[in-house]
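Below, each chain spelled out in residue letters.
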Amino acid sequence: MAEELRIGVFVCECGINIAGTVDCDGLTEWAKTLPDVVFAIKNRYTCAEPGQQEIKQYIKEENLNRVVVASCTPRMHEPTFRRCCADAGLNPYLFEMANIREQCSWVHSDRKQATQKAKDIVKIAVAKARLLESQKELEVPVTQAALVVGGGIAGIQSSLDLADAGYQVWLVEKEPTIGGLMSYINKTFPTMD
Amino acid sequence: MMDVGRHPKINLLAYSEIEEITGYIGNFHVKVRKKARYVDEKACTACDECVKVCPVVMPDEHQLGLSTRKAIYMPFAQAVPASYLINMEDCLGNNPIACDKCAEVCDPKCIDFDQQDEFVEFDVGVAIVATGMYVCDPTILDEYRYTKYENVITSWEFEILTGPGYVTKGELLRPTDRKPPKNIAFIQCVGSRSEKRGNPYCSNICCMNTVKDTLFLKEHHPEIDCSVFYMDIRSFGKGYEELYKRSKAVGVKYIRGIPGDIVEDPKTKNLIVTVENTTTGKIEKHEFEMVVLSIGVIPRPETEQIQRALTLSKAPCGFLMETHYQLDPIDSPTGGVFLAGCCESPKDIKSSVIQASGAASRAETLLTTGKVKVEAITSTIIPDMCKACGICADACPYGSITVDRKAKTPAVVVEAACKGCGTCGAECRFDAIEMKHFTDRQIMAMIDAMFEEKPEEKICIFACNWCSYGGADLAGLSRMQYPPNGRIIRTMCSGRVDEKFIWHAFKKGAPVVLVSGCHFADCHYINANRWTQKRIEGMWNKLERKGIRPKRLQLEWISAAEAVKWTKVMHAVEDLRKTVTKEEIEETKKILSDKKKG
Amino acid sequence: MAEEVTFKCLRCGYEFKGTYDRKVPEERECPKCGSNSIRPLPKKKEK
Chain R
1 MAEELRIGVF VCECGINIAG TVDCDGLTEW AKTLPDVVFA IKNRYTCAEP
51 GQQEIKQYIK EENLNRVVVA SCTPRMHEPT FRRCCADAGL NPYLFEMANI
101 REQCSWVHSD RKQATQKAKD IVKIAVAKAR LLESQKELEV PVTQAALVVG
151 GGIAGIQSSL DLADAGYQVW LVEKEPTIGG LMSYINKTFP TMD
Chain F
1 MMDVGRHPKI NLLAYSEIEE ITGYIGNFHV KVRKKARYVD EKACTACDEC
51 VKVCPVVMPD EHQLGLSTRK AIYMPFAQAV PASYLINMED CLGNNPIACD
101 KCAEVCDPKC IDFDQQDEFV EFDVGVAIVA TGMYVCDPTI LDEYRYTKYE
151 NVITSWEFEI LTGPGYVTKG ELLRPTDRKP PKNIAFIQCV GSRSEKRGNP
201 YCSNICCMNT VKDTLFLKEH HPEIDCSVFY MDIRSFGKGY EELYKRSKAV
251 GVKYIRGIPG DIVEDPKTKN LIVTVENTTT GKIEKHEFEM VVLSIGVIPR
301 PETEQIQRAL TLSKAPCGFL METHYQLDPI DSPTGGVFLA GCCESPKDIK
351 SSVIQASGAA SRAETLLTTG KVKVEAITST IIPDMCKACG ICADACPYGS
401 ITVDRKAKTP AVVVEAACKG CGTCGAECRF DAIEMKHFTD RQIMAMIDAM
451 FEEKPEEKIC IFACNWCSYG GADLAGLSRM QYPPNGRIIR TMCSGRVDEK
501 FIWHAFKKGA PVVLVSGCHF ADCHYINANR WTQKRIEGMW NKLERKGIRP
551 KRLQLEWISA AEAVKWTKVM HAVEDLRKTV TKEEIEETKK ILSDKKKG
Chain X
1 MAEEVTFKCL RCGYEFKGTY DRKVPEEREC PKCGSNSIRP LPKKKEK
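As they're listed, the protein sequences go chains R, F and X.
Going left to right, the first sequence walks through residues 1 to 193 as my numbering numbers them.
Going left to right, the second sequence walks through residues 1 to 598 as my numbering numbers them.
Going left to right, the third sequence walks through residues 1 to 47 as my numbering numbers them.
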């Protein structure tokens, strides 16, 4: 960890979704005062193409090695921004998100209080970002065979589909014969055959 | 069925049980016990000579005991594998001196009384669970006196009694006098849709099954009078409503109301059914020669075995849980394991086939890709710190950690099997586990940042990624308003919330700490949130012993759909925060820095 | 090893009796206010 931390904060207005309640200019300026933050900028829509381009551009120009985006929930755009970082050559796990929309601007109406909370949210995200580490997704091979448990109509269908596709299938059935409940039935609806 | 027996790519292990499954997505090792049939299934020619000479007659399970079979038998004519088996409990040949008639007549010499259970082991990359369903026990509704009156049967028995394999060749006869019934009643929802007895859910198939049964009867015996007692007829599928209408058109009477009682006339053995007709609002009595209980369905009891072997989750109804109700209805929570058919929920044949093909397709995606990326957010053991106590292995919902307690060697994580809930890290008392991307240091630093200024105004909230954080997001999406004092730290699972995070928050001046996770049934890590609850319960006691009000630590289960609950909880914790004075916070800080170091 | 205990809701203070088994965790909810902060009170002395 000899590397010098260079964190970039990208504040999203989300049109008026965030900017309507949170003072995004103030937030951006304030973010610059946080430890190891070397760059902060505001964008109208960070998730849109220009917004993403901006992240990629500044990762390179400002030599950023950690990225914090203050916008919506990570459950929505974390994958988007991770990809964006990866495109710019930054490990996607060196990215952190600050949710100032779903959990701030949308649920509070007092501009002062909401802005204060947004600052805290960004501060907490930066605190985490300072300690982020690169991660590698492990890749494992898939054994070319399938287990099917149960030889009723579902197990039979799955087995045949897989076997017809050329895969080895192990079909395990508890009873002495396959067929399951289907084998008890003599007529079926709605065709009555 | 025949295709399965013949397919060169299918290894059929019938009369077999899963003993053990180890491994993880892409790499499962399976051990199967193949029970002894005492007949070489490959050599058997299904000539039936053995059955002819077998002197032992037993009830036939495949006919629900309504017919008989021999001790050596084939479950039914089209069975696959097409081979006999001997039920050793019935067979006299355990001692060949007593009887070995079947072996004598067997031309290919495939009967072997000394055959043993065999173990078969193999590796697979994916697994499809299709363990199916079973029927409810009709005796739970004792007012229908199923065990007492012979002419009260279940819909499943009806299936056998009218089947071509039955002695009557499909001719329905009344059990008491062996005559065709003049009239017959079907009672719906037996064991279904009841909070009190049986199951609360709708069994999905029984309405249409009854419609089918009535039509079957009417086709062959238009003179039989059929009545159906029901709550609603659920004929929702393609062609189903049409079939229901056809049944009404041929004269089947549908009476809205579930009977409260059945009494037998001792002379005629007819059944007097008492029902409140909810259309007319009157109590009515009807007399029938036979009554069919349309019984609901339950998951197959043996499902539990496979559930444990593959660490699957069960929904409150007992059926196996899918990853996401709408968007991921085939994947199980365990990577590389898919669900097909009625083990997931009661369904008709068509839906089972659809889901089965879906499961095969999901499995093929993995097989064809040939490799799979596994979660980067996993736990790592720091061997120097590990005392091999084994609590991490106990806590891991996926069995991905192994510890040799005796040898005292450090724990080992199979990263590919780890789903990243972080419960092991929270439970480890020696800080010997690091949770990637959610490290202790990272979370402690977040708490530090949170309470740097005006700690008395802030509520420290831990929210799990899947449910509670989602609930908070939905509250935002729905523009619900609540006090702005909460500060959220997201963890993948509430199981990650280490005691020391909570202590640290209190030490930094937190007036209130809230830990929130998924409801028990929704936990995305099988049961990791049970550990959360245990931990919090322990902390309440510790807080009390230290003289800190336990209620300052709150626990809530909030699903991703419960925006209203999230909002309510935010108000509640804010109300609670207001009761915590600066003096109380200072005192807590003092207590914690005096008694607990670090 | 289920035992009879008093549960206390740590949100509204409502107390109620129920069975508690440390080994079999169950989701609990306050019948009054709906909170899940339900504390099984320790057996010995109750304050």
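To be clear, the hints were calculated from the coordinates, so they are not data collected in a lab.
Mixed in with the good hints there might be a few duds.
Stated by the list, open to error - Pairs of lysine-lysine, DSBU-like flavour, derived with a Cα cap of 35 angstroms:
#1 X:23 x F:406
#2 R:174 x F:9
#3 F:542 x F:582
#4 F:582 x R:112
#5 R:32 x R:112
#6 F:387 x F:148
#7 R:174 x F:196
#8 F:590 x F:196
#9 R:174 x F:35
#10 F:52 x R:174
#11 F:35 x F:350
#12 F:387 x R:174
#13 F:314 x F:52
#14 F:568 x R:42
#15 F:590 x X:43
#16 R:187 x F:148
#17 F:314 x F:169
#18 F:182 x F:169
#19 F:507 x X:32
- Item | Violated hints, by number in ascending order, as checked against the structure | 6, 8, 12, 13, 17
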